[in-house]
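K.L.:
This is what each chain is made of:
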Amino acid sequence: MPSRKRPAALWLTTFLLGFAVVCGLLLITLFTPPPYGDLTRLGRVSDTQFGWRRPPPQVPAELLLGSPIDQADILVIGDSFSMTHRWQSVLAKNGYRVATTFWGQYGDELCADFADWLQRGGFRGKLVILESVERLTADRVKKSAECKATPNRLEAKREVFLAPLEHLPAFQFNTGAPLTAGWVTYRNTRKVMETPGDVPTDYRTMAREVKDGCSYFSNRSCGKVLFFTEDDENGPLTPVHAQLMEDFNRAHPSVPIMWMIIPNKTTVYIDPANSADFVQAFGQKRLGPDLFAFAQRERGRIMDFYFPNDTHLSMHGQLALGEYMLGEVQKRVPAPGAKTP
Amino acid sequence: MLFNSYAFIFAFFPIVLFGFFLVGWRSTRAAAGFLALASLFFYGWWSIEAMPLLLASICINYWFGLQLTPQPGRSDAGRKRMLVLALTVNLVVLGIFKYADFFVGNVNEGLAAAGIAPLPMPHLLLPIGISFYTFTQIAFLVDCWQGKVRERSFVHYVLFVTYFPHLIAGPVLHHAQMMPQFANQATYRMNADHIAQGLAIFSFGLAKKLLVADPVGQYADLVFHGAHQGVAPGLFTAWFGVLAYTLQIYFDFSGYSDMAIGLSLCFGIRLPLNFDSPYKSTSIIEFWRRWHISLSTFLRDYLYIPLGGNRKGPARRHINLFLTMLLGGLWHGAAWTFVIWGALHGAFLIVNHFWNALLRRDAKAPRSRIGRVFGWLLTFVCVMVAWVVFRAESTGAAMRIYEGMLGLNGAPLTAFKEAYETMPLLRKNEFYQTMIAGLFICLALPPAISLVRWVPEAQALQGRPVLSRLFTVGMAVLTVTLFGFSVSKLGNFSPFLYFQF
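Each protein sequence line maps, in turn, to chains A and B.
Numbering-wise, numbering that gives the first Met the number 0 puts 171 at position 172 of the first sequence, and it's gapless, one number per residue.
Numbering-wise, numbering that gives the first Met the number 0 puts 481 at position 482 of the second sequence, and it's gapless, one number per residue.
Simulated from the structure, these hints should not be mistaken for lab results.
Fair warning: this is a prediction, and the values are worked out from it, not measured in the lab.
Positions of the beta carbon are idealized from the N, C-alpha and C atoms, including for glycine.
Some clues are possibly wrong.
[What the hints assert, rightly or not] Residues on chain B that point at chain A, a partial pick, calculated with CB under 10 Å:
1) Tyr5
2) Phe9
3) Gln196
4) Thr471
5) Val476
6) Phe482
Just chain B, same shape as in the assembly (with noise of 0.2 Å):
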């Protein structure tokens, strides 16, 4: 099921808020377990298959948690052997159903230059949600073995894991920030201010899902597609289809956070921010900062630290840094195109590290407009770069989105103008106005996590009643119809068919 599904907008989420509310007004308890056993159903309503692998996940790993919290008669020894045995587990689970083609298909490449007959495929299908729910439950075991949580409720655990706004695009929680909202009574009672908040939160997320990403990623699409398929793309095609790409996944995947922020906070849960407007970095290192700060944060925390982090000179901290971009970008995909992206991103942080060390002796010095300007266009460019090949579907077509960037594919005035087969079904103005609306959002407004000065009413107008009362209704007004906007694209209009031959 999808936030953005009338599904989900007009049955599930109302049932299980009304549901959830009800039942904890009798018992709390009985409401986790009402709100984990809705989230499992979320699960299957994805992908039922995949079910039995993330109960069974969650089952060995509460164990796992219980047998590494220290105790009296727990040698370290014993404890950090089975946190090694803990952690292969879930990682093997992980590496077979989310490498083993990848791993196998490499493998067949020096079989076949070898001469040698390849291995069959795998192809498994991959349970959606394995890198998050194993991520997280990676998170817990660590802190279980170093004895920071010291979980009992099998319930709360269960929930923690499969809570449906995060399970299957994150963020990525950390135990210590949602354990203890899930034992606090209050989380339980309805909280006007709470759902008022959530919905708007969950409404401006929706809006830039469904209003921005989805415009411009057809043209995205377009020319990603086309591009796999041997269309070279023009100079300003290269340009404006590689940020439309760079549009499209900031306001997709920030636009689900918000979702998921925005429901989770109905049901009185606050979830991490994710984003926080990275696109106005003006640096790698602080665009490392605002983007998926819980992945950046889980990367940091529990591969960068225990690879030695920066505690062993500057030479090891550039190597543990790209290697922390590097299995990052491996964590996105089994592809050698997610590798490369980490890379870049590894080979970016250490420029700007170098140029910190060596150039900006003061770094946390104020810098002039201009440097501000230079450096935030740098960054953005520098990321748009390393969205390419992000969403290539191969290296071929990322080189020659490369080149098309480079001009060496000509440059015609006109963007789109290249053999591309479903053009004539989109509208290039549409996607100018989209695109200046998106970068104008991006750029320049607050992200909306910021909705809560807001809503219900607005902090800076509390001390005059009526101007406030005006403007929450407006605020609710405005909220609603975009929503009202959002939900109208749930629907295809289908384009008459014919037209395509």
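In isolation and in its complexed conformation, chain A is listed as follows (with noise of 0.2 Å):
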């Protein structure tokens, strides 16, 4: 029986000190907060460095809460940019009954039968506005451009799709992330804080140098700052997509149609020239708004006008946003009689 004792020993002895490094893993991503914004979690870096800190603005609910279709004075195509409401909450504020729906439902295309497919859907509001961030534009305009009826029945659903922080949030238990998720997050922010220039992280994000970040963005490393590397290897916008944007609206002329082109995190911070012919080809068009000069001018003037840990506009940039557009949008159409919160 002694002779039997000693392999389970040693056995067991093995076993347990992996199982001890396994426990030594498990602890650290416990105690790695869960990240909060999209580009800590995908790029895996820690949002104690990298999250904002700046409480968001609040905002009523009865101004999120969107309008049937039917209903509804303006109907929004957009994006993740549009799925918090927070921006159309302006609208809302100043009395227009705004519908929301997404590009995601309709496969990314508005076709040949646009105008039908809003008529069918019971849309008959005064103007249709198509909000797409800078990156996914060029693909969303080129199939709308080829294809002939739109993918779904128009559909908008009054809650928000997304439902933003409202608070800075507390300190949690990480339970729900991989075993080595807070050793990765741990050496990726090492990495990054002690590396200077743009460092890459994991999965298309990268940490980049911002000058006078510290005057732009909340998070504590403000000096640099989380992008998504999807901005640049898309490639910039150019006038062919304007063009594109001014046929679709020439082929539906019944249709009174605003784009609404949001600039990349990236090209706000890092290369405001990027998409300049297209800029300049879009405002000649009078397409619509120039956010991309607003972005320039909000930039500085609002602390986390876009998140530092996120690819999207903060909340405080949304309702910048939201204003810009309600004078955009007065210009078009008349303002149906403010309401207060």
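Two chains, each in its own frame: build the complex with the hints.
P.N.:
This is the structure in structure tokens:
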């Protein structure tokens, strides 16, 4: 019997050493706060260093409830920048009834039957806003120019599709992450902090130095901010894309359309000249508001205009965007009468 | 609490294991009580609402057991009446909680056809593990009535029913297998061999679940859920989807059983083997000797044999077989799809017995290699075909997949190209790699229980100490690495939410 005990002790000792390593990894992960930004989650970088810290503005819930399509003055066909209903809430506050639906519901294409499709969907309002982030616009306008019938029926939910955080998140144990998440987050964060210049992290995410970053962002390591590499990979928009938008408008003369192209975070903070030719053509064709110039003005005026840990506008940025869009909308559709919250 | 959760692996199990031997060092009876309480805590973590029913079931069945045991002054007729009452109580409770919605739903369809207002649906919450603990106790009651058991220790009885490794999903335990182990003093003393073997079997079971069953299951879910939503799968998508489910259910269920067996072995208690490489079977008869063995044994001993078994001629034997499989199907869930699954296997078994009786005069004679390969292929395909209706969310969805398997929805050369909304989030290459690995494991490797031959030391290397020690360390490193990889899958990597749009 004693000779049988030794192999078991050896086996258990080896196993328990490995188990201790696993426990160590688990503890690191448990005490690594769950990420609250898309880029910190994808890039597996610490929100302690790269998460926003400026409390978000509060918006009354009734202003966030969208209008049914058949009662809407304005139909927004947007993407993730419209999913929180924050910028639309400024229009709602001023009496506009806004319905919001998303490109993704229709395969990222609006086709030759667009006017009929809107009518079949019940929209009888005065303005259609086509919101699209710069990096995904080329694909959308190209697909839209080629397709005949818009997939799926026009539908819009009244509730917000994505509810943003209302407060800075308090500490909580990270129980939903993979075992190695804490260690990887620690390692990536340390690499970003210790390496000068731009540092790629995980999954299409890059930490980049932003000149005067601390005047723009509230995160602790404000000299560096996270960006989505797809901003660069997808290339700039060109006058050809502006022409496709104009062609789309001309193909549907009965529909009042306003294009709303939101610049990439990289364009706003790193390379303002990206898509410059497109912006010029877009302005000349009077397709919609120049949000590229708007963003250049507001980035210095609003701390966390874009989130430091996300590709999106912050809620502060969203409300500023809403105010700007209100002015543009009022030029096309008279205000039905302002509401007070 | 799931076996594959941080709370179980890093808190509950180490605490209970340590506490069990610590208490057992002073008092074996207290250790059994401690394990029973820990098991009730484990169950309560799952569902505190279902706890009163479990406790009531244990108390009343223990009392029934005492009353059923032959004793001077107790007539056989009286005990038989008591048995009928006890079985009725158990089956009625099971019927109410598990089958009431199914029954009322079917009655309502009939009423609707006759233009009569439907009955309200009960919508009772199904208490988790009710099928397992009810069947476990029915076997106990029958054995008490037959005079095979004479249980006096309430603590051991509570532990027998609630023992956490088997409580939620089996194996279905037999009283005679467990009680002697609870009564054995050696069980309560720490045994390093048992702990090493138990941890190894648990780790391999965990890996089966997290590294194979879950990844391939994504594809099974995709195809079956898609079929339920109206997506008609093409030829290859249908076959790959069904193969994915065939692997998922085996690796999931046998992984769970391995984890249960491993955990239990750490406590020094052996649970019966539940899966013996069933996909290696070369006939359906053999498949049912290797698949969910504890349930098959239960159905054989407490249903097939009491129905008459094979004692009343071939025709009655086939009827008994078919009925047993039909009820076995219904045991899995309250839906016609499970009944059809049971009927399919009943039919397969009858055909298999006919084949053996009519064409293979000497059924025990070894078959040729080609015969074995053909038998394996036919068995595997039959099992896959039956899994379709087992997994499908409706008979309509099952038919859509059968049509796909027959090529009636077209046969594009690429799989998973149908209009599945979640497809971009999945990785096809990983699926094919996992599928090949899964097939290799279930067709070429021995079951996880065989690890006892190599842990803590390889039996074949006992005469070579250096090699043996190296092997011991290597095996422990392999096991803990597999454990680490598996645990790393416990959390979820969230894909970019916006990519869906």
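K.L.:
Against each hint, give a clear statement of whether it holds in the structure.
P.N.:
Do the hints match the structure? See the list:
no., hint, result
1, Tyr5, "6 Å, holds"
2, Phe9, "6 Å, holds"
3, Gln196, "9 Å, holds"
4, Thr471, "5 Å, holds"
5, Val476, "6 Å, holds"
6, Phe482, "7 Å, holds"
The structure fails none of the hints (numbered hints given earlier).
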